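Sequences and hints are given; from them, build the entire structure.
Chains as they are written, first to last, in the working numbering: chain Z, 1 to 271; chain L, 1 to 168.
No lab work stands behind these hints: they were computed from the structure.
Since the model is a prediction, treat every value here as computed from it, not as a measurement.
Each hint should be verified, as a subset may be incorrect.
[Said to hold, decoys possible] Straight-line distance between alpha carbons at most 30 Å, and here's what the computed DSS-like set of lysine-lysine pairs gives:
| id | chain 1 | residue 1 | chain 2 | residue 2 |
| --- | --- | --- | --- | --- |
| 1 | L | 15 | Z | 152 |
| 2 | Z | 261 | Z | 234 |
| 3 | Z | 24 | Z | 252 |
| 4 | Z | 152 | Z | 177 |
| 5 | Z | 217 | Z | 234 |
| 6 | L | 15 | Z | 135 |
| 7 | L | 128 | Z | 217 |
| 8 | Z | 217 | Z | 177 |
| 9 | L | 128 | L | 15 |
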Amino acid sequence: MLPHPFTVERVRRETHDTFTLELKGTNGIGGFSFAPGQFNMLYRFGTGEVPISISGDPERSDTLVHTIRAVGTVTESMERLKKGDIIGVRGPFGRGWPVLEARGCDVLIVAGGIGLAPLRPVMYRLLSRREQYGKIAILYGTRTPSDILYSKELEQWRSRFDLQVRVTVDRGEKDWKGHIGVVTTLIPRASFDPHEAVAMICGPEVMMRFTIRELEKRGVRRSNIHVSMERNMKCGIGFCGHCQYGPTFVCKDGPVFPYEKIEHIFRIREI
Amino acid sequence: MHTLEPILTEHPFLKGLNHAYIQLITGCARNVRFEPGQFLFREGEEANEFYIIRHGRVVMEIFTPERTAIPIQTVEEGEIIGWSWLIPPYHWHFDAQAVDMVRAIALDGKCLRNKCEEDHDMGYELLKRFAHIMEQRLQAARLQLLDVYHPHSGVAGPSARALKNKKR
Ligand SMILES: Cc1cc2nc3c(=O)[nH]c(=O)nc-3n(C[C@H](O)[C@H](O)[C@H](O)COP(=O)(O)OP(=O)(O)OC[C@H]3O[C@@H](n4cnc5c(N)ncnc54)[C@H](O)[C@@H]3O)c2cc1C
Ligand code: FES
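See the structure below:
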């Protein structure tokens, strides 16, 4: 599958190392439908290709949105993209978050750092069909106040009466009057029915492990806990075996999995 | 007289505790209030009380050798702050400062210590509850220490940017 050329419409700086790209299809490529949690392979010509989750609104298929943290060769080169530049896109790939299955349930979203990006489409989807869900809580933890992603949107969401939004940082700064402590400390404070709650977690694996432990302490069923896995990828479609572990392909069967299905591979780093 | 007993009985920390113990604990409790910026206690001071926060947010800070305060955690409504009153030499190991207006129930640690010495069953019940909080804080401190969101943390592997910076 060859990458389609997309034009960079807008680059938005989110934090010191994270930025959002808004892309539009060229060559007459129109809408881009995707399910929350799916990812694209983004190709920077001459540098390489990386899997990046789609972080935009699934109802707005005219623009493709990706939020990227510059951590290495390809993502750092993408940091230099400007309006009008061309980027290659393959996708959307993978199995996303269980937004349909969660209808009628309370929904708990727990995100750490850049992990908020793949969960933002879930928020858009839940809010566009708010009446179909019970209580919704979004718990977001990041390193410092200046690392908070989508801070304006979080503020808007926090002002709603039908949503619990809690943000915490691992390290406070001088003027920070908000919560300090790891994201797991927010779990006992969230109001939801543990027996009827679906949890969606995305962040560094250690953070997800601690979060799962805390959710289980509150009585959330393992089968109702869903996590997004990050593994090295190449083809994105279950051919090359880069992301494979046993019969499981993270690119095709995931990246979102019910925790009980991947518990056994959860601690393995390089596959 | 207005008593704190109903509030203490309902609080998750003391929930399920024998009524007689609640009455004893109520005897050691009083309502307190702190203005924003006011210290509940400071590092090195004698630890004679612990607090059940009823309203507002308290930040726990540790002073570094450079004398700058590092905020390590915040504690909010419904939560407990302080267990140094339980463990000799009964001194605070950090500062606790009100971020906004804080209302709390202060429990007299000395009074409780004596009661726990007299009645070991009650002592055991209280220790069990504090052990639970200590375990939670220890887990949180471990996760905080890992600094999982930092590209240098090694949690997601060392980033190229981190490696490049190292080489410089
Ligand atoms: C399904 C999926 C969805 C993803 N979604 C997003 C997303 O929405 N936004 C986003 O920014 N990233 C996302 N990632 C991670 C992203 O793919 C990697 O950060 C990227 O591949 C790194 O490539 P690079 O060439 O820039 O770095 P490389 O030069 O390949 O990597 C350099 C070093 O960075 C380490 N590294 C890789 N990923 C990370 C990371 N995330 N954090 C810290 N260090 C890392 C590697 O272990 C390596 O040692 C996703 C990954 C997967 C599998
Ligand atoms: S990336 Fe090739 S099989 Fe998953």
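*Which of the stated hints cannot be reconciled with the structure, identified by number in ascending sequence?*
Numbers 1, 5 - these are the hints that the structure violates, sorted from lowest upward.
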